[in-house]
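Peer 1: So the sequences go chain by chain: G and V.
For reference, each letter of the first sequence is one residue, going 11 to 316 in my numbering.
For reference, each letter of the second sequence is one residue, going 50 to 239 in my numbering.
These aren't lab readings, by the way, just hints derived from the structure by calculation.
It cannot be assumed that every hint is accurate.
To be verified - Residues from chain G shown here face chain V by an in silico Cβ test under 7 angstroms; the list is partial:
no. : residue
1   : LYS289
2   : ARG294
3   : MET296
4   : ASN310
5   : TRP316
Said to hold, decoys possible - Taking lysine to any residue pairs in the SDA-like style, the calculated list, with each CA pair at most 25 angstroms apart, reads:
no. : chain 1 : residue 1 : chain 2 : residue 2
6   : G       : LYS27     : V       : ASN116
7   : V       : LYS111    : G       : GLU308
8   : V       : LYS185    : V       : ASP220
9   : G       : LYS273    : V       : GLY93
10  : G       : LYS287    : V       : ILE158
11  : G       : LYS30     : V       : ASP220
12  : V       : LYS57     : G       : GLU266
13  : G       : LYS287    : V       : GLN109
14  : V       : LYS106    : G       : ASP277
15  : G       : LYS290    : V       : ASN86
16  : G       : LYS289    : V       : ILE112
17  : V       : LYS119    : G       : ASP305
18  : G       : LYS287    : V       : ASN86
19  : V       : LYS111    : G       : ARG314
Said to hold, decoys possible - Listing some non-contacts, in silico: residues in chain V with all C-beta distances to chain G over 10 angstroms:
no. : residue
20  : LYS101
21  : ALA157
22  : LYS178
23  : TYR181
24  : GLU194
25  : LYS235
26  : GLU236
Glycine is no exception: its CB is placed at the ideal position from the N, C-alpha and C atoms.
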Amino acid sequence: MEQQKHFIKDIEIKNFKCFKDFKADGFGRVNLIGGKNNVGKTAFMEACYINRQYTSQAIADIIFSRYLINLFDELLKEVGIKYILNFINHKAKDIVGGEVISNLGISEIKYFENELKNEKILSNIIYFDTNIQSNKRYDEWYSIIIENGIEDNVDKLIQIFDTNIDKFRIIKSQPKCRKKDDKKYYNLNEFGDGIAKIISFICLLLAKKKSIVFIDEIENGIHYTNLDELWRIILTISKEQNVQVFATTHSDECIESYARVAKSLEDEEITFIELGKNKKDEIRAMVYPYEWFIDEIEQNHEVRGW
Amino acid sequence: MVIIVEGKDDKSFIVALLNDLRKNGEIVLQDNINFDNYIEVMGGKSKLLDSKHTKYKKIQLKIDNDNIQKVLFIFDCDFKEDDNICGGMEKSLECFSNLKKELNWNIAINVYVFNKNLDYFLMDTIKDKDCYQDFKGLINCLDIEKLKPNKKPIANLYRDLYPYPEFDFKDDNFEDIKQKLKNLFKEDNG
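I would like the entire structure built from these sequences, with the hints used as guidance.
Peer 2: This is the structure we're talking about:
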């Protein structure tokens, strides 16, 4: 398995949320995480994210993703940065309890403040758990896509999901899709959550070369008949762009689709991470490399936690 | 828990037997849980008896995580003349004992070894049926026993015609393996 230097290959988590003393290794380029409710799937990704970022940006992103990000943009304008930073500081105390980001300090908050003032999202490590992305994010991703001259790729990939859309563009900072029949552009929010989510994945993965992306509940808003196409896009673009992906799911159909597409693409750089609890009620991980994972699915074994 | 078997035929047989036990209330399991989940197909007897098989690494990790707390091995003893190392009941048990030692698992381990093989085992449950003599006559007429002496063509033909549930699981022949399966699923499902 040829992995890139920027990929997360293992993690150790101590006293972070529901994790007391946890280790896991053997991660691949694309990693799907399954487990029962409240076993820490999201917390596992948050820990990976914070551990990698090690800045207030990480905490802020997680807080952002729990609220409507556009609402936050408006709040920023209306209320001002000082209030927002106080809020983040306050929330950070609830979120951070362990060693993962124990060295969070004023300087890092200031670093974050400067980033906000410059209206930039600098990170190459992206966390999102909502179907709705801010216009700012689309703007940033699409600018890179245009710079690289690959906007036609975006259109082609979107058409796999919805043949009624023939173009995606950012017009006056608004993400818009053109309908094939009347050749008119409509705001993205006039389409369903599913297509918005898929467009955000396509833009993100095409724009963010050599990045790490965390996606919570990846199947949300996607019809099960489209899951194979979703995985085909994620596996294909992540390989081309050298992007590592971590995603959580509750869905059996999503897991089966992941295995089916990985097998058809012969993509052995994937893993499945099953989270469960031992007799002492401590969270443990079972990291299935490609061969084991495919075998488990073909044998009709349950991999969604124990 | 996990039931470790040689091949897909063995798995189908065990699942049919487990479903029969569930139907009769002798094994209680949630409706949405299927027995496939508990069966690991190793891909043949030699692989089942090989402690270096990659599937044993996977099972080891599941044991370490308290996801598996009991194991039942089910395999054929086969024939000594076919395999001098692990063929026949005595050698098979010897090989299994070595496997156990090498795996060194600290969980409850049980084993059921079919005398000869699964097909012979199943034959014992259908030999009293009226049609058996006709089957036997056909096999003798075609001289198939000579061509495939250890495969028991009557059982193969019978299984092709009737799926596993057609076997009479009430036959005394099944008692021992049924008891081992019931013990495995008793109380906790670890």
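Peer 1: Now, for every hint given, state plainly whether the structure supports it.
Peer 2: So, going through the hints one by one against the coordinates:
1. LYS289: holds (5 angstroms)
2. ARG294: Hint holds; ARG294(G) Cβ to chain V Cβ min 4 angstroms, cut 7 angstroms.
3. MET296: holds (6 angstroms)
4. ASN310: holds (4 angstroms)
5. TRP316: Hint holds; TRP316(G) Cβ to chain V Cβ min 4 angstroms, cut 7 angstroms.
6. LYS27(G) x ASN116(V): holds (23 angstroms)
7. LYS111(V) x GLU308(G): Status holds; Cα separation ~18 angstroms.
8. LYS185(V) x ASP220(V): holds (20 angstroms)
9. LYS273(G) x GLY93(V): holds (23 angstroms)
10. LYS287(G) x ILE158(V): holds (22 angstroms)
11. LYS30(G) x ASP220(V): violated (52 angstroms)
12. LYS57(V) x GLU266(G): Holds, at about 20 angstroms.
13. LYS287(G) x GLN109(V): Between LYS287(G) and GLN109(V) the Cα gap is close to 16 angstroms, so the pair holds against 25 angstroms.
14. LYS106(V) x ASP277(G): Roughly 22 angstroms separates the two Cα atoms, so the pair holds.
15. LYS290(G) x ASN86(V): With a Cα-Cα distance of about 24 angstroms, the restraint between LYS290(G) and ASN86(V) holds, given a limit of 25 angstroms.
16. LYS289(G) x ILE112(V): This hinted pair holds, its Cα atoms lying about 11 angstroms apart.
17. LYS119(V) x ASP305(G): holds (21 angstroms)
18. LYS287(G) x ASN86(V): Satisfied, since the Cα-Cα distance of roughly 18 angstroms is no more than 25 angstroms.
19. LYS111(V) x ARG314(G): holds (13 angstroms)
20. LYS101: holds (15 angstroms)
21. ALA157: Label holds. Min Cβ-Cβ 15 angstroms, cutoff 10 angstroms.
22. LYS178: holds (32 angstroms)
23. TYR181: Label holds. Min Cβ-Cβ 34 angstroms, cutoff 10 angstroms.
24. GLU194: Its Cβ never comes within 10 angstroms of chain G, the nearest being 34 angstroms, so this holds.
25. LYS235: holds (18 angstroms)
26. GLU236: holds (15 angstroms)
Going down the numbered hints, you'll see the structure goes against just number 11.
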